[in-house]
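Protein chains: 2
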Amino acid sequence: MAWQWKEPEFVWFRDVSPRDGLQAEHVILNTEDKVRLVNQLAQAGVPRIEVTSFVSPKWLPQMADAEQVMTSIERKPGVVYSVLVPNPKGAERAIATKPDEMTVFVSASETHNQKNVHRSIHESLEGFHDICAMAKPHGITVSAVIVTAFGCPYEGIVPLSSVLELAERLQDLGISEIALGDTVGVANPKQVAQMVQAFQQKLPGIQLALHFHDTRGTALANLLAAVGSGASRFETALGGIGGSPFSPGAGGNLSTEDSVYCLTEMGISTGIHLQQLLSTTQFLVEKLGHDVPSKVFHAGGKMIPVNAKN
Amino acid sequence: MAWQWKEPEFVWFRDVSPRDGLQAEHVILNTEDKVRLVNQLAQAGVPRIEVTSFVSPKWLPQMADAEQVMTSIERKPGVVYSVLVPNPKGAERAIATKPDEMTVFVSASETHNQKNVHRSIHESLEGFHDICAMAKPHGITVSAVIVTAFGCPYEGIVPLSSVLELAERLQDLGISEIALGDTVGVANPKQVAQMVQAFQQKLPGIQLALHFHDTRGTALANLLAAVGSGASRFETALGGIGGSPFSPGAGGNLSTEDSVYCLTEMGISTGIHLQQLLSTTQFLVEKLGHDVPSKVFHAGGKMIPVNAKN
Numbered sequence: 000m001a002w003q004w005k006e007p008e009f010v011w012f013r014d015v016s017p018r019d020g021l022q023a024e025h026v027i028l029n030t031e032d033k034v035r036l037v038n039q040l041a042q043a044g045v046p047r048i049e050v051t052s053f054v055s056p057k058w059l060p061q062m063a064d065a066e067q068v069m070t071s072i073e074r075k076p077g078v079v080y081s082v083l084v085p086n087p088k089g090a091e092r093a094i095a096t097k098p099d100e101m102t103v104f105v106s107a108s109e110t111h112n113q114k115n116v117h118r119s120i121h122e123s124l125e126g127f128h129d130i131c132a133m134a135k136p137h138g139i140t141v142s143a144v145i146v147t148a149f150g151c152p153y154e155g156i157v158p159l160s161s162v163l164e165l166a167e168r169l170q171d172l173g174i175s176e177i178a179l180g181d182t183v184g185v186a187n188p189k190q191v192a193q194m195v196q197a198f199q200q201k202l203p204g205i206q207l208a209l210h211f212h213d214t215r216g217t218a219l220a221n222l223l224a225a226v227g228s229g230a231s232r233f234e235t236a237l238g239g240i241g242g243s244p245f246s247p248g249a250g251g252n253l254s255t256e257d258s259v260y261c262l263t264e265m266g267i268s269t270g271i272h273l274q275q276l277l278s279t280t281q282f283l284v285e286k287l288g289h290d291v292p293s294k295v296f297h298a299g300g301k302m303i304p305v306n307a308k309n
Numbered sequence: 000m001a002w003q004w005k006e007p008e009f010v011w012f013r014d015v016s017p018r019d020g021l022q023a024e025h026v027i028l029n030t031e032d033k034v035r036l037v038n039q040l041a042q043a044g045v046p047r048i049e050v051t052s053f054v055s056p057k058w059l060p061q062m063a064d065a066e067q068v069m070t071s072i073e074r075k076p077g078v079v080y081s082v083l084v085p086n087p088k089g090a091e092r093a094i095a096t097k098p099d100e101m102t103v104f105v106s107a108s109e110t111h112n113q114k115n116v117h118r119s120i121h122e123s124l125e126g127f128h129d130i131c132a133m134a135k136p137h138g139i140t141v142s143a144v145i146v147t148a149f150g151c152p153y154e155g156i157v158p159l160s161s162v163l164e165l166a167e168r169l170q171d172l173g174i175s176e177i178a179l180g181d182t183v184g185v186a187n188p189k190q191v192a193q194m195v196q197a198f199q200q201k202l203p204g205i206q207l208a209l210h211f212h213d214t215r216g217t218a219l220a221n222l223l224a225a226v227g228s229g230a231s232r233f234e235t236a237l238g239g240i241g242g243s244p245f246s247p248g249a250g251g252n253l254s255t256e257d258s259v260y261c262l263t264e265m266g267i268s269t270g271i272h273l274q275q276l277l278s279t280t281q282f283l284v285e286k287l288g289h290d291v292p293s294k295v296f297h298a299g300g301k302m303i304p305v306n307a308k309n
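For the record, the sequence lines run as chains D and B.
For the first sequence, numbering that gives the first Met the number 0 assigns the number 0 to the initial residue and increments by one for each residue that follows.
For the second sequence, numbering that gives the first Met the number 0 assigns the number 0 to the initial residue and increments by one for each residue that follows.
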């Protein structure tokens with residue numbers, strides 16, 4: 000495979016640790032700590048934050064305080080605060096809290112969609128139609144995540160053409176921001192480059208984001224392949240926490256710190272202050288009561304020459 | 000930074016776990032287990048193996064049985080069995096065991112070379128001159144590793160020009176196989192691509208290999224950037240074990256399993272059978288008595304659809 004490597008000058012990160020990360024944790028953070036996490040991410044310069052999920056507390060007790068979190072955070076100007084909504088009922092709750100963006104999700108494979116949300120892909124899309132109609136009068140953007148876009152734990156390989164077709168159907172609903180999720184961590188850099196390039200060629204109107212899991216250690220290499228193909232939007236989680244409770248074999252999310260460190264060293268801007276971000280990781284680790292996978296959190300971002308310590 | 004991505008069809012791995020890996024461990028494997036490790040790596044298809052180090056047992060008691068290991072392994076035809084030699088005295092011991100290759104090492108920065116081997120770079124090169132002269136009549140290749148090639152824990156950034164100049168001096172001694180070591184794990188993918196491309200342009204006669212440490216999570220992304228620049232030789236360690244005892248802040252080596260998995264998924268051949276390799280990791284973990292960083296060892300190489308298990 001040969002292509003012209005061309006990286007963007009700026010990469011936008013959406014940190015999903017307050018939602019995708021915390022929902023996979025056994026420890027439930029209290030509302031105040033969730034609010035501090037979101038506020039500290041914004042202060043560190045993270046331009047997009049997935050704050051919470053308006054899923055039923057029956058399914059995810061970790062997110063039962065979605066309203067309180069959304070109405071207690073400080074809204075830093077310029078930051079996009081988004082929330083996950085599984086259905087029109089969740090969207091109704093979400094809209095009352097005035098998010099900048101609501102995110103819906105659908106699987107690239109029928110089996111995973113059934114197991115995940117007990118609906119067909121077609122039924123999911125019908126729900127999105129209603130959510131888009133509800134969001135419009137409030138000026139709230141609707142974005143989508145296509146989960147299992149690079150492979151499904153039930154169906155195996157997902158053809159690129161299915162992902163493009165599903166994205167086109169989302170675009171027809173008025174959704175132009177789409178994230179592709181490698182839910183179980185089976186994407187490889189070549190597949191990622193091909194996917195990004197296919198979207199650029201066939202669906203240039205879509206603002207594409209990528210969301211990788213580090214199940215097999217490939218997440219940062221996948222981000223790099225996407226960046227080298229011109230992709231500039233990624234979803235990552237502080238500390239590398241996360242993993243889907245409904246996707247067998249899913250590992251943690253790509254870590255925001257490790258991604259920001261690597262891109263910054265490459266001379267690509269992210270607007271994020273790494274040291275401030277690492278202080279936020281320290282806060283998160285204290286509240287979770289366990290260590291996190293991020294390597295840069297442990298090693299530190301900058302190599303400090305040993306002699307300089309003397 | 001823009002360049003034409005062009006990956007090789009075949010990538011050669013040298014597994015350094017029996018030497019670079021085991022020398023960083025507190026547990027000392029017995030000779031029989033070391034021999035089994037080397038033989039199993041060869042059986043799994045690893046084409047190049049760093050078997051041991053002929054360093055003084057005073058410095059590295061882990062390698063005190065270097066002669067016994069070298070003379071006890073089965074020599075699989077086609078596999079290159081190499082040994083590390085720190086000086087002419089080590090080379091003399093090594094030659095008696097008939098390795099295919101002897102590897103010498105020198106730091107890209109004076110301070111690290113002094114701290115590592117208590118010699119100036121110039122003095123190290125003088126020793127290599129003698130080692131090359133000793134190796135020649137026996138038909139043994141001498142290769143070199145330039146350690147701290149991407150950054151030094153004492154001096155910080157190492158200029159690309161210094162690395163090229165040192166490589167040229169090694170080439171003048173008759174050493175044409177050179178590995179660049181990111182000893183403390185500070186390389187970034189852009190720097191790696193620039194380094195590989197500079198070698199291709201300025202020193203095309205050198206067979207370049209790269210050796211990454213995953214201190215900051217960038218090792219596989221660095222390998223990918225090198226592969227995309229046309230590099231086809233890497234040094235990795237089974238399980239991702241290793242890290243230099245004499246380099247403050249060094250993390251483990253890039254894992255052979257994770258690298259082979261990723262490249263195989265990309266359609267790049269390595270000649271290595273992943274499942275056999277993972278059985279060898281299982282053996283290594285049992286002998287070391289602790290877990291290893293490799294992600295593919297934990298997740299498995301192939302995504303097995305859940306339904307297939309029913």
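It is possible that some hints are incorrect.
Since the list gives no way to pick out one identical chain from another, each pair is judged satisfied if it fits inside one copy or across any two copies.
What the hints assert, rightly or not - DSBU-like, lysine-lysine: derived pairs with alpha carbons at most 30 Å apart: (1) K57 with K301; (2) K5 with K201; (3) K189 with K5; (4) K75 with K114; (5) K135 with K286; (6) K135 with K57; (7) K286 with K5; (8) K286 with K189; (9) K5 with K88; (10) K189 with K201.
In case anyone wonders, no lab produced these hints; they're calculated from the structure.
- Check each numbered hint against the structure and report the violated ones by number, ascending. Numbers 1, 4, 5, 7, 8 and 9 - these are the hints that the structure violates, sorted from lowest upward.
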